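A.B. asks: Sequence:
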Amino acid sequence: MIQFNLLPDVKQEYIKTQRIKRLVIGISLIAGAASLFVFLVLLSSVYVVQRKNINDLTSDIHQDSKTFADMPNIADILTVQTQLNSLSALNAQKPAASRLFSYLTKLTPNQATISDIKVDYALNTIAINGNAPALDVVNTFVDGLKFTTYSVQGQAGSKDAFSTVVLSGFSRNAKSATYSITLSFDPAIFNNANNITLTVGGQAQASAQQPSIIFKKSE
331 MIQFNLLPDV
341 KQEYIKTQRI
351 KRLVIGISLI
361 AGAASLFVFL
371 VLLSSVYVVQ
381 RKNINDLTSD
391 IHQDSKTFAD
401 MPNIADILTV
411 QTQLNSLSAL
421 NAQKPAASRL
431 FSYLTKLTPN
441 QATISDIKVD
451 YALNTIAING
461 NAPALDVVNT
471 FVDGLKFTTY
481 SVQGQAGSKD
491 AFSTVVLSGF
501 SRNAKSATYS
511 ITLSFDPAIF
521 NNANNITLTV
531 GGQAQASAQQ
541 PSIIFKKSE
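Counting in our numbering, the sequence shown runs without a single skipped number right up to 549 at its last residue.
Rather than coming from a laboratory, the hints here were simulated on the basis of the structure. As the structure is a prediction and not an experimental result, all values here were calculated from the model. Treat the hints with caution; some may be incorrect.
Derived lysine to any residue pairs resembling SDA-like cross-links, with alpha carbons at most 20 angstroms apart [unchecked claim]:
1) Lys-476 with Phe-520
2) Lys-424 with Val-482
3) Lys-436 with Phe-477
4) Lys-505 with Leu-465
5) Lys-424 with Asn-454
6) Lys-505 with Phe-477
7) Lys-476 with Asn-454
8) Lys-346 with Ala-363
9) Lys-505 with Asn-459
10) Lys-424 with Asn-525
11) Lys-489 with Leu-465
12) Lys-476 with Ala-523
13) Lys-382 with Gln-393
Could you build the full structure based on these sequences and the hints that come with them?
C.D. replies: This is the structure:
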């Protein structure tokens, strides 16, 4: 059997174009429907699910607040809790007073003793009273304080540890001399957060005396 194509080429192209058009429109409608579905899901999530979660959380907050407010002595409990939380910060701000004795063992010359010392950590001042066999030893003590520097571990350079070092009083006799020295110190040397190296007379490892030898009552 012999078949003849009686449709002209133009008609065939038109039919083909219509088919492609219908296919594109169908795909577009499907894509549009899918986009609309996703949009509706997102919209319901924002305005329904999330709003419900927010309302539930708000309700829980109000309920917990009421529960805490009804607790007896809640104000005292919160006050104690606040003070406990501040202990760490307060401890970090406390000066490392225990370093004073190790500093003095490095700073005090041989033969010199200390009979009384007063430290004011608010004003950053120290007053030292003591004895020495001669005023030359006292002058060595004063000069050593003036030229003492410190460095902080992890930081470059060094700074003066003490300032305004003054021999505020002295007396002497045939056997010994007494002295009074006042000075100001850099608060960094007593900072708990700093690891300090004290350098006396250009030597970080100065010969140290025993505290039992340094601290001695005036006769």
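A.B. asks: Now, for every hint given, state plainly whether the structure supports it.
C.D. replies: To see whether the hints hold, each was checked on the structure:
| no. | hint | result |
| --- | --- | --- |
| 1 | Lys-476 with Phe-520 | 18 angstroms, holds |
| 2 | Lys-424 with Val-482 | 18 angstroms, holds |
| 3 | Lys-436 with Phe-477 | 13 angstroms, holds |
| 4 | Lys-505 with Leu-465 | 11 angstroms, holds |
| 5 | Lys-424 with Asn-454 | 13 angstroms, holds |
| 6 | Lys-505 with Phe-477 | 28 angstroms, violated |
| 7 | Lys-476 with Asn-454 | 15 angstroms, holds |
| 8 | Lys-346 with Ala-363 | 26 angstroms, violated |
| 9 | Lys-505 with Asn-459 | 17 angstroms, holds |
| 10 | Lys-424 with Asn-525 | 15 angstroms, holds |
| 11 | Lys-489 with Leu-465 | 28 angstroms, violated |
| 12 | Lys-476 with Ala-523 | 25 angstroms, violated |
| 13 | Lys-382 with Gln-393 | 16 angstroms, holds |
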